[in-house]
Amino acid sequence: MASPKTLPKDAQVMVQILKDMGITDYEPRVINQMLEFTYRYVTTIIEDAKIYSTHAKKSTVDADDIRLAIQCRVDQSFTSPPPRDFLLEVARQKNMTPLPLIKPYTGPRLPPDRYCLTAPNYRLKSLQKKVSSSGGRITVPRLSVGPVSSRPSTPTLGTPSVQTVGTKVGTPVSLTGQRFTVQIPSSQAASVKTATPTTPTVQNVLINPSLIGSKNILITTNMVSQNSSSDSSSLKRKHEDEDDYDAS
Amino acid sequence: MTSLLRAPGKMAAVQDGSIELDTEKETKPEILSDGSANISGNAGSGVLSSSPPAGGAQKPEDQQTLIAVLQFLRRNKLTESVDILKREAGLSDDQENSKATDAGGKGDGDAGDTNALLSRVSITSAAAPQSAPLPLKSGDDQPDVRVILSAYSQQGEPPLYKVYYSDLKKFIESVLDCHRAELSQLFYPLFVHMYLELVYNNNESEAKAFFDKFSGDQECYYQDDLRVLCGLTKKEHMKGNETLLDFRTSRFVLRISRDSYQLLKRHLQERQNNQIWTIIQEHLYIDIFDGMPRSKSQIDSMSGSLAGEAKREVNKLKVYYGLLKEPEIEVPLDDEDEEAENEEGKPKKKKAKKDSLGSKSKKQDPNAPQQNRIPLPELKDSDKLDKIMYLKESTKRIRLSPENLPSICFYTFLNAYQGLTAVDFTDDSSLLAGGFSDSTVRVWSVTPKKLRRVKSAAELSLIDKESDDVLERIMDEKTASESKVLYGHGGPVYGVSFSPDRNYLLSSSEDGTIRLWSLQTFTCLVGYKGHNYPVWDTQFSPFGYYFVSGGHDRVARLWATDHYQPLRIFAGHLADVTCTRFHPNANYVATGSSDRTVRLWDVLNGNCVRIFTGHKGPIHCLAFSPNGKFLASGATDGRVLLWDIGHGLMIGELKGHTDTIYSLRFSRDGEILASGSMDNTVRLWDAMKAFDDIETDDFTAATGHIHLYDNSQELLLGSYNSKSTSVVHLHFTRRNLLLAAGMYNSQ
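Listed in order, the protein sequences are those of chains A and B. For the first sequence, counting from 1, position 234 maps to 234 in our numbering; every step adds exactly one. For the second sequence, counting from 1, position 257 maps to 257 in our numbering; every step adds exactly one.
Derived from the structure by calculation, the hints contain no laboratory data. One should not assume that every hint holds.
[Stated by the list, open to error] With a straight-line Cα cutoff of 27 Å, these simulated DSS-like cross-link-like pairs (lysine-lysine) come out:
id	chain 1	residue 1	chain 2	residue 2
1	A	Lys50	B	Lys234
2	B	Lys384	A	Lys19
3	B	Lys380	A	Lys103
4	A	Lys19	B	Lys239
5	B	Lys235	B	Lys213
6	B	Lys296	B	Lys689
7	A	Lys103	B	Lys387
8	B	Lys316	B	Lys387
9	A	Lys103	B	Lys325
10	A	Lys94	B	Lys316
11	B	Lys213	A	Lys19
12	B	Lys484	B	Lys449
13	A	Lys9	B	Lys208
14	B	Lys380	A	Lys9
15	B	Lys529	A	Lys103
16	A	Lys94	B	Lys318
17	A	Lys50	B	Lys484
18	B	Lys396	B	Lys450
19	B	Lys318	A	Lys19
20	B	Lys384	A	Lys103
When you get a sec, could you build the whole thing from the sequences and use the hints?
And the structure:
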């Protein structure tokens with residue numbers, strides 16, 4: 001690292017600021033990070049201030065514009081916790097209600113499902129078994145492509161989960177020379193065929209990709225009609241981590 | 001009078017201020033304070049000054065204050081408040097004082113803005129929620145409304161501040177030794193308030209000069225605060241800093257003996273410019289006691305917090321620190337118990353042994369809360385089995401003493417890349433959880449038994465539910481592993497806590513959420529949102545179901561696992577809440593904060609029942625003694641302080657660590673206190689002896705002052721170094737083996 005004498009002036013100022021704040025022990029890269037942040041912050045403020053001053057039809061940017069720019073940015077990015085009297089008032093309201101009685105044990109004590117993260121974050125599309133007159137389409141009623149991750153599915157509490165039937169994988173069906181219809185959820189594939197549910201059974205088997213040739217493979221599936229009440233928003237592929245319901 | 005001339009300007013300020021007013025109520029007090037402060041402040045000084053002629057000039061100024069307030073309320077369409085205020089102020093101006101106290105007496109009922117402000121004054125005085133007249137200093141009949149309405153009004157000319165301060169300094173240095181220590185307490189709060197006043201009124205150069213001249217005189221333990229102040233040179237800087245704003249509006253509490261106080265008062269009132277006296281009236285609360293003045297060491301041990309010391313009435317509330325009665329459980333005997341020592345001496349063979357912990361005293365311990373004071377979950381069968389295991393383990397517990405020190409088993413986290421931020425053990429020491437700065441939580445099995453997940457629903461439907469080992473069969477053998485990783489948080493995980501029944505794990509993180517994980521499926525069940533700022537600590541209650549969390553927003557919240565919003569909010573700290581702990585009887589919560597105080601809160605109604613000051617740095621760990629009577633706290637200043645909860649006093653100070661103390665734990669029977677610190681040591685202290693000493697001492701409960709002997713060296717039983725691993729967590733197993741956890745620090 002360059003010695004303090006040969007540091008650029010900005011960096012020297014930053015070193016001094018760190019010293020004034022009582023920080024003596026830091027990695028050398030910290031100064032670079034701080035300078036980058038400073039540069040970014042200052043340019044944002046000055047740009048905002050320029051916008052405000054042109055809006056006010058002033059010829060130059062003056063202190064008021066800068067002040068306004070800072071004020072707006074502070075409310076946006078650097079929020080601070082609520083002031084004390086507000087907190088005291090909120091606390092007073094909340095603490096007035098007595099503690100709720102505890103119901104006898106009826107299962108894990110969790111908030112209503114709406115506030116939990118226990119719902120499935122995917123939905124299997126229900127398909128209609130298509131009877132097609134065009135030849136060459138063979139319906140393999142026991143194959144579907146669900147989320148092909150190796151993660152075990154979350155056992156959901158109280159909501160019907162996908163029933164997996166232990167069908168043997170890798171049925172030695174020779175797929176060459178035939179056309180199979182593969183139905184997969186819309187978010188994954190380009191060509192999608194939506195269908196309505198027909199039979200109440202569901203099968204979920206991982207497709208061995210080696211079986212699938214480079215040909216156009218279409219496999220139709222049968223799926224159970226899920227309780228779609230919770231599924232309306234979960235069509236999009238979401239990661240388990242994100243909160244489905246409450247936007248943060 | 002200069003105040004009248006300035007008034008129109010400030011009235012204009014009120015008008016400007018209201019235009020940029022937000023709809024939120026919380027900014028109103030500030031605007032209100034900006035506008036009418038100078039008028040009321042000078043009205044205040046008008047009332048206070050001992051010269052009677054000024055009294056005649058009071059009335060127009062008080063009227064102006066009222067008019068200003070009325071105008072403001074009317075402008076914001078708070079017609080109810082306007083009526084109430086007019087009605088009450090309509091009682092003559094002479095009863096202006098009683099109006100304020102009456103309104104304060106109304107307390108919580110009204111929705112009116114002014115009354116809400118005044119009721120807040122009674123809350124901020126941190127006493128029980130009585131609406132009795134606000135505590136008034138002796139000789140002062142000015143209502144406390146000035147606290148809320150006061151901004152920093154200009155007291156005299158800015159350049160003269162230096163003169164005032166040096167005058168006071170000279171005076172204090174000239175008094176008798178016994179009074180000097182007490183009066184020196186004034187320096188710091190006066191310095192800060194005067195400096196902030198100068199900054200607030202845009203006297204930047206004077207503020208800087210003032211700071212340079214007098215900052216060196218302050219006590220060494222205020223250096224961190226002074227550094228923050230040094231960077232604060234403009235009024236705009238003050239706006240974002242919530243801690244300083246709180247400091248400004250709350251009153252710094254000082255405890256001074258009556259003699260010293262009389263001296264001070266006499267000196268200040270006989271002077272022509274009694275600006276300092278005015279400042280004292282406005283911003284300081286002087287808790288006067290009768291008795292001997294305190295010595296410097298006594299004062300030093302109690303001071304250090306951001307709000308001064310605690311008022312004596314605060315620590316006089318009744319606290320139920322006893323333990324709840326253990327439920328009676330039939331302990332089935334098996335053959336191995338015959339070898340174990342039988343303390344009761346009862347015949348073992350024919351009778352099942354009753355739970356010996358609870359049945360000793362049939363009567364209710366007067367210091368223990370009622371069983372149903374707060375609703376607690378009932379015991380499930382699995383809980384009863386756990387309790388039986390607990391009792392069996394406790395019979396095999398090693399008795400610790402200064403001659404019989406515990407062995408320490410250290411779990412070092414390697415390759416954690418400086419990322420370990422939180423650790424917890426289950427009570428039976430079978431599982432270990434670590435929270436990391438890369439937002440993951442990892443759970444390890446400490447015993448050879450591996451961690452397994454529950455099978456998926458399809459597989460569960462296949463198993464035979466009637467079989468005896470159904471609990472084994474529901475576990476999926478294929479997923480057995482030594483550790484599991486839990487992903488989900490969006491920021492470093494700062495607190496982890498196991499539930500007592502080992503079914504759940506809580507983790508709190510910088511992303512502002514607290515997550516509840518299931519330890520049977522190893523997935524996240526709930527995310528509790530409420531703090532919108534980093535949550536520094538969380539803990540399950542000793543009975544499960546409730547948990548407490550504390551964060552950067554300066555409050556601690558009490559939650560229940562089946563409510564998505566908090567049940568209680570504990571507000572009162574001036575800075576972040578860094579540590580939250582439940583009392584063993586689950587009726588109280590202790591919080592340690594960056595404002596260097598420890599507060600004890602009542603779960604039933606959310607009130608603060610104890611304030612403990614004395615630390616000189618942010619508090620990072622708390623530990624209750626197993627009998628519930630004592631609390632130990634550790635902070636960045638390297639000291640462990642011991643507190644008697646029942647009396648509300650400091651009873652011990654353990655010096656020895658050289659760096660921040662991050663973990664404290666009492667042994668299972670409370671004989672040994674273990675502390676772990678960033679200086680890579682674990683120290684063992686003799687808790688029995690430390691607590692025994694108070695029984696014999698004759699302390700004055702009225703003043704709450706106790707002379708502490710520096711017996712840290714006698715109490716230190718052992719100090720154990722690790723090579724370069726700071727100690728993050730300590731845990732005594734049920735048999736009194738000490739487990740420690742920390743991260744290897746290769747630098």
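Hints, one by one, checked against the model:
Annotation: proposed proximity of Lys50 (chain A) to Lys234 (chain B) holds, straight-line Cα distance about 23 Å (limit 27 Å). At most 27 Å may separate the alpha-carbon atoms for a hinted pair to count; Lys384 (chain B) and Lys19 (chain A) exceed this at roughly 58 Å. The hinted pair formed by Lys380 (chain B) and Lys103 (chain A) meets the criterion: a straight-line CA distance of about 13 Å does not exceed 27 Å. Proximity of Lys19 (chain A) to Lys239 (chain B) is assessed by CA-CA distance (about 24 Å); at most 27 Å being required, the pair is judged to hold.
A distance of roughly 21 Å separates the Cα atoms of Lys235 (chain B) and Lys213 (chain B); the hinted pair therefore holds under the 27 Å criterion. Only pairs whose Cα atoms come within 27 Å are accepted, and Lys296 (chain B) paired with Lys689 (chain B) is accepted, the gap being roughly 26 Å. A distance of roughly 22 Å separates the Cα atoms of Lys103 (chain A) and Lys387 (chain B); the hinted pair therefore holds under the 27 Å criterion. For the suggested pair Lys316 (chain B) and Lys387 (chain B), the alpha carbons sit about 35 Å apart, so the restraint of at most 27 Å is broken.
Between Lys103 (chain A) and Lys325 (chain B), the direct Cα distance comes to roughly 21 Å. Compliance with the 27 Å bound is thereby established for this hinted pair. Taking the CA atoms of Lys94 (chain A) and Lys316 (chain B), the gap is near 25 Å; set against the 27 Å cutoff, the hint holds. The straight-line distance between the Cα atoms of Lys213 (chain B) and Lys19 (chain A) is roughly 20 Å, inside the 27 Å bound, and the hint therefore holds. The suggested pairing of Lys484 (chain B) with Lys449 (chain B) holds, with an alpha-carbon distance near 13 Å, which does not exceed 27 Å.
For the given pair, Lys9 (chain A) sits about 25 Å from Lys208 (chain B) by alpha-carbon distance, which is consistent with the 27 Å threshold. Distance check on the hinted pair: Lys380 (chain B) and Lys9 (chain A) sit about 68 Å apart at the alpha-carbon level, beyond 27 Å; violated. With a CA separation close to 23 Å, the supplied pair Lys529 (chain B) and Lys103 (chain A) stays within the 27 Å bound. Straight-line distance between C-alpha atoms of Lys94 (chain A) and Lys318 (chain B) comes to about 22 Å, which keeps the hinted pair within the 27 Å bound.
Among the hinted pairs, Lys50 (chain A) with Lys484 (chain B) is inconsistent with the structure: their alpha-carbon atoms are about 53 Å apart, more than 27 Å. The hinted pair formed by Lys396 (chain B) and Lys450 (chain B) meets the criterion: a straight-line CA distance of about 25 Å does not exceed 27 Å. Between Lys318 (chain B) and Lys19 (chain A), the direct Cα distance comes to roughly 47 Å. Violation of the 27 Å bound is thereby established for this hinted pair. As the CA atoms of Lys384 (chain B) and Lys103 (chain A) are separated by approximately 18 Å, the hinted pair is consistent with the 27 Å bound.
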